[in-house]
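*Asks:* Listed in order, the protein sequences are those of chains S and F.
Numbering follows the working numbering, with no gaps: position 95 of the first sequence is 95.
Positions in the second sequence are counted from 1; adding 254 to them yields the working numbering.
Don't read these hints as lab results, they were simulated from the structure.
The structure displayed is predicted, hence computed values, not measured ones.
Even for Gly, the Cβ is constructed at its ideal location relative to N, Cα and C.
The reader is advised that the hints may include incorrect statements.
Said to hold, decoys possible - Restraint ranges, calculated between C-beta atoms of paired labels, are given here:
(1) S:S2 to F:G455: 52 to 60 Å
(2) F:T452 to S:T172: 57 to 65 Å
(3) F:F291 to S:P153: 15 to 23 Å
(4) S:F122 to F:P384: 41 to 49 Å
(5) S:L95 to F:P503: 48 to 56 Å
Said to hold, decoys possible - For the chain F half of the interface with chain S, some residues (derived, Cβ under 8 Å), not all of them:
(6) I334
(7) I352
(8) A354
(9) F358
(10) F360
(11) N362
(12) S364
(13) L366
(14) W368
(15) L377
(16) A378
(17) A381
To be verified - Counterexamples of contact, computed for chain S against chain F with all Cβ distances above 10 Å:
(18) Q40
(19) E41
(20) R43
(21) D57
(22) G61
(23) A64
(24) L68
(25) Q73
(26) L95
(27) R97
(28) F122
(29) V162
(30) F171
(31) Q216
(32) L240
(33) V247
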Amino acid sequence: MSKRLMHLSLPLLGIGLALACWWAASSRIPDLPSPVRTWQESRLYILEPLTKRGEMDQGIGLLAYYSLVRVAQGFLLGIAIGTPLGFLLGVSPMLTRTFDPLIQILRPISPLAWLPLGLILFQKSEPAALFAIAVCSMWPTVLNTMSGVRAIPQDYWNVAKVLRLSPLTTFTKIIIPATLPYMFTGYRLSLGIAWLVIVASEMLTGTPGVGGFLWQEYNSLIYAHILLAIVTIGLIGFVLDRLMGAVEMRLRTA
Amino acid sequence: MTKSEVGSQKPDVTLEAGGQKPEGRTCLSAIGLFKTFGTGAQARPVLRDVSLSVERGEFVCIVGAMGTGKTTLLNMLAGIVRPDTGVVEIDGQPVVDIPAGAAFVFQNYSLLPWFSALENVRLAIQAASPTQSKAQQRERAVQALEQVGLGNAIHRRPSHLSGGMRQRVALARALATEPDILFLDEPFGALDALTRETLQGELARLCRRDDQPVTTVMVTNNVEEAILLADRIVPVLSGPPATLGTPIPVTLPRPRTVAHLAHDEQASIFRAHVIATLTSALGRRKPVSTIGGALHATAALEAGK
Numbered sequence: 001m002s003k004r005l006m007h008l009s010l011p012l013l014g015i016g017l018a019l020a021c022w023w024a025a026s027s028r029i030p031d032l033p034s035p036v037r038t039w040q041e042s043r044l045y046i047l048e049p050l051t052k053r054g055e056m057d058q059g060i061g062l063l064a065y066y067s068l069v070r071v072a073q074g075f076l077l078g079i080a081i082g083t084p085l086g087f088l089l090g091v092s093p094m095l096t097r098t099f100d101p102l103i104q105i106l107r108p109i110s111p112l113a114w115l116p117l118g119l120i121l122f123q124k125s126e127p128a129a130l131f132a133i134a135v136c137s138m139w140p141t142v143l144n145t146m147s148g149v150r151a152i153p154q155d156y157w158n159v160a161k162v163l164r165l166s167p168l169t170t171f172t173k174i175i176i177p178a179t180l181p182y183m184f185t186g187y188r189l190s191l192g193i194a195w196l197v198i199v200a201s202e203m204l205t206g207t208p209g210v211g212g213f214l215w216q217e218y219n220s221l222i223y224a225h226i227l228l229a230i231v232t233i234g235l236i237g238f239v240l241d242r243l244m245g246a247v248e249m250r251l252r253t254a
Numbered sequence: 255m256t257k258s259e260v261g262s263q264k265p266d267v268t269l270e271a272g273g274q275k276p277e278g279r280t281c282l283s284a285i286g287l288f289k290t291f292g293t294g295a296q297a298r299p300v301l302r303d304v305s306l307s308v309e310r311g312e313f314v315c316i317v318g319a320m321g322t323g324k325t326t327l328l329n330m331l332a333g334i335v336r337p338d339t340g341v342v343e344i345d346g347q348p349v350v351d352i353p354a355g356a357a358f359v360f361q362n363y364s365l366l367p368w369f370s371a372l373e374n375v376r377l378a379i380q381a382a383s384p385t386q387s388k389a390q391q392r393e394r395a396v397q398a399l400e401q402v403g404l405g406n407a408i409h410r411r412p413s414h415l416s417g418g419m420r421q422r423v424a425l426a427r428a429l430a431t432e433p434d435i436l437f438l439d440e441p442f443g444a445l446d447a448l449t450r451e452t453l454q455g456e457l458a459r460l461c462r463r464d465d466q467p468v469t470t471v472m473v474t475n476n477v478e479e480a481i482l483l484a485d486r487i488v489p490v491l492s493g494p495p496a497t498l499g500t501p502i503p504v505t506l507p508r509p510r511t512v513a514h515l516a517h518d519e520q521a522s523i524f525r526a527h528v529i530a531t532l533t534s535a536l537g538r539r540k541p542v543s544t545i546g547g548a549l550h551a552t553a554a555l556e557a558g559k
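Turn these sequences into a full structure, and let the hints steer you where they fit.
*Replies:* Take a look at the structure:
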């Protein structure tokens, strides 16, 4: 078998095995819809992805769009805070010593824990969701930007020194370009977390989106749609990661 | 010995009108430099009681084996590293930071990989003359690159240039700002023999424009290179800590070429002298006493004139 064919067929084989397991499980558990039933009950949502029939009763494309917009906002907020924070921690060992323990304590806190705090702080579900996404997703950006600044070779600092570059010029012409690949590694990881958080925050706040849809269909006992939402979430997460990975690769080789 | 004393012992040179730089005067002087890396049990003395003076327009080569602290010495002269004790002065001003009008060329080129050759050079010009228009800065950068023979590679990034071409860009970046003093840290150490030879010739040409030779301090471990380029060779005697040997004036006529020096009798005398000075220090591991070191340094200063 040629290498190209292997590259294509092996992942398909993996997906096929997963479908087989799903099918086998569904034949024993009556509440779990089989892959075929899932498809039949989800067809409307997939084939008319942009139709709006009600608050939650919308095509999967629209639902995904709402979720993506929310993720984009929370993610942008997260990196807008995380990137400068990373730069500050990277250039100042003193700041690192001050804030590192705090970061290590905040980092493992689940979005489910942040969300109620957001609701208390902002009173509304939408800003609370953005708060939870931003506060959960910013840490990889902070840490990667920080280590990126630390990894700048002494050579470049020497260039800044002997050319007598101003602090601003040093920042824009040396620190930022040298840190860019690390920053984007951070952004990719942050986006992955932001996408994880979206489901939890939509479930808790009941806002329209893939996560909100999932929770509503669970409450309506339409289990096939839960599986539809799960597959959609996975596929979108995969595509997002690949897109960010492509940007990252470009920066690494540049 | 102070700088003015050193200066007063020189024959007076009539200054030419028109802002010409005065010739034959001390431009850079270092007195009693000590440097130790680390502290406590880890303390590693690198340089001990080093004194040196460089005249305006002079090309001085600091020559020594690898790992003797040559680079540290150069970094201290250029203000990149501070000595533990001792003073470095350029034009009578104590050096505390990189002085304006100094340029530095590193062994590993140290070009910024995200910029083209042109942008690398322009960054130096921009930093040195921020009031100039962008067009003027660009034009000067192009000229500097043309001077080193890279006129048709100005838009290439360092990763698309050979080692020799990268060092040409680094030279262009250093010379584009028309520095008063040029520091070179083993600039050709990483190049193959042929490229090295070509670039040595270029450097001699660029630093020795007849109207205004640039004061140059170069570190190298290559004796041939030093004889080819230097007005004066300062040997670094291996320590640790390293000290400086008596400077050796290289009185060979210019222009010098590698081919010519290979068969020149006088050149081989200089070569033998330099190598003998360097190797005599290799067996010596115990540092000389402080008084001895001071005397030695004074002798070095005397002989350097």
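*Asks:* Indicate, hint by hint, whether the structure satisfies it.
*Replies:* Verification of the supplied hints:
The hinted window of 52 to 60 Å between S2 of chain S and G455 of chain F holds, with their beta carbons roughly 55 Å apart. Under the hint 57 to 65 Å, the C-beta atoms of T452 of chain F and T172 of chain S, about 35 Å apart, miss the expected range. Between F291 of chain F and P153 of chain S the CB atoms are about 19 Å apart, so this pair conforms to the stated range of 15 to 23 Å. Range check, F122 of chain S to P384 of chain F: about 46 Å between beta-carbon atoms, so the 41 to 49 Å window is met.
Between L95 of chain S and P503 of chain F the CB atoms are about 53 Å apart, so this pair conforms to the stated range of 48 to 56 Å. Interface hint at I334 of chain F: satisfied, since its Cβ lies 6 Å from the closest Cβ of chain S, which is below the 8 Å cut-off. For I352 of chain F, the interface hint holds, the least distance from its beta-carbon to any beta-carbon of chain S being 5 Å, beneath 8 Å. For A354 of chain F, the suggested interface contact is upheld, since its CB lies about 7 Å from the closest CB of chain S, less than 8 Å.
The interface hint given for F358 of chain F holds, since its Cβ lies 4 Å from the closest Cβ of chain S, which is under the 8 Å cut-off. A least Cβ separation of about 7 Å between F360 of chain F and chain S falls short of the 8 Å threshold, and the interface hint therefore holds. Residue-level restraint check for N362 of chain F holds (minimum Cβ-Cβ distance to chain S is 6 Å; threshold 8 Å). Because the beta carbon of S364 of chain F sits about 4 Å from the nearest beta carbon in chain S, less than 8 Å, this interface hint is met.
About 7 Å separates the beta-carbon of L366 of chain F from the nearest beta-carbon of chain S, less than 8 Å, and the hint is met. Given hint, W368 of chain F at the interface with chain S, holds; its Cβ is 4 Å from that chain's nearest Cβ, closer than 8 Å. The interface hint given for L377 of chain F is met, as the beta carbon of that residue sits about 6 Å from the closest beta carbon of chain S, less than 8 Å. Hint on A378 of chain F holds. Least Cβ distance to chain S is approximately 5 Å, under the 8 Å limit.
Of the supplied interface hints, the one on A381 of chain F holds, with its beta-carbon coming within about 5 Å of a beta-carbon of chain S, less than 8 Å. Under the 10 Å C-beta cut-off, the non-interface status given to Q40 of chain S relative to chain F holds; the minimum distance is some 54 Å. Non-interface status of E41 of chain S relative to chain F is upheld: no Cβ of that chain comes within 10 Å, the nearest being about 52 Å off. The Cβ of R43 of chain S sits about 50 Å from the closest Cβ of chain F, beyond the 10 Å cut-off, so the non-interface label holds.
Every Cβ of chain F is farther than 10 Å from the Cβ of D57 of chain S; the closest lies at roughly 50 Å, confirming the non-interface assignment. The non-interface label for G61 of chain S is consistent with chain F: the shortest C-beta to C-beta separation is roughly 39 Å, beyond 10 Å. With a closest Cβ-Cβ approach of about 36 Å to chain F, A64 of chain S is found to remain outside the 10 Å limit, as its non-interface label requires. The claim that L68 of chain S is not at the interface with chain F holds, since no C-beta of that chain comes within 10 Å of its own (minimum 31 Å).
The beta carbon of Q73 of chain S is kept farther than 10 Å from every beta carbon of chain F, the shortest such distance being approximately 30 Å. No beta-carbon of chain F comes within 10 Å of the beta-carbon of L95 of chain S; the shortest separation is about 24 Å. Remark: the non-interface label on R97 of chain S is consistent with the geometry, its nearest Cβ contact in chain F lying 21 Å away (cut-off 10 Å). Annotated as non-interface, F122 of chain S keeps its C-beta farther than 10 Å from every C-beta of chain F; the closest such distance is 40 Å.
The beta carbon of V162 of chain S sits about 4 Å from the closest Cβ of chain F, which is not more than 10 Å, so the claim that it is off the interface is violated. Look at F171 of chain S: its CB is around 13 Å from the nearest CB on chain F, clear of 10 Å, so calling it non-interface holds up. Look at Q216 of chain S: its CB is around 49 Å from the nearest CB on chain F, clear of 10 Å, so calling it non-interface holds up. Annotated as non-interface, L240 of chain S keeps its C-beta farther than 10 Å from every C-beta of chain F; the closest such distance is 26 Å.
The beta carbon of V247 of chain S is kept farther than 10 Å from every beta carbon of chain F, the shortest such distance being approximately 15 Å.
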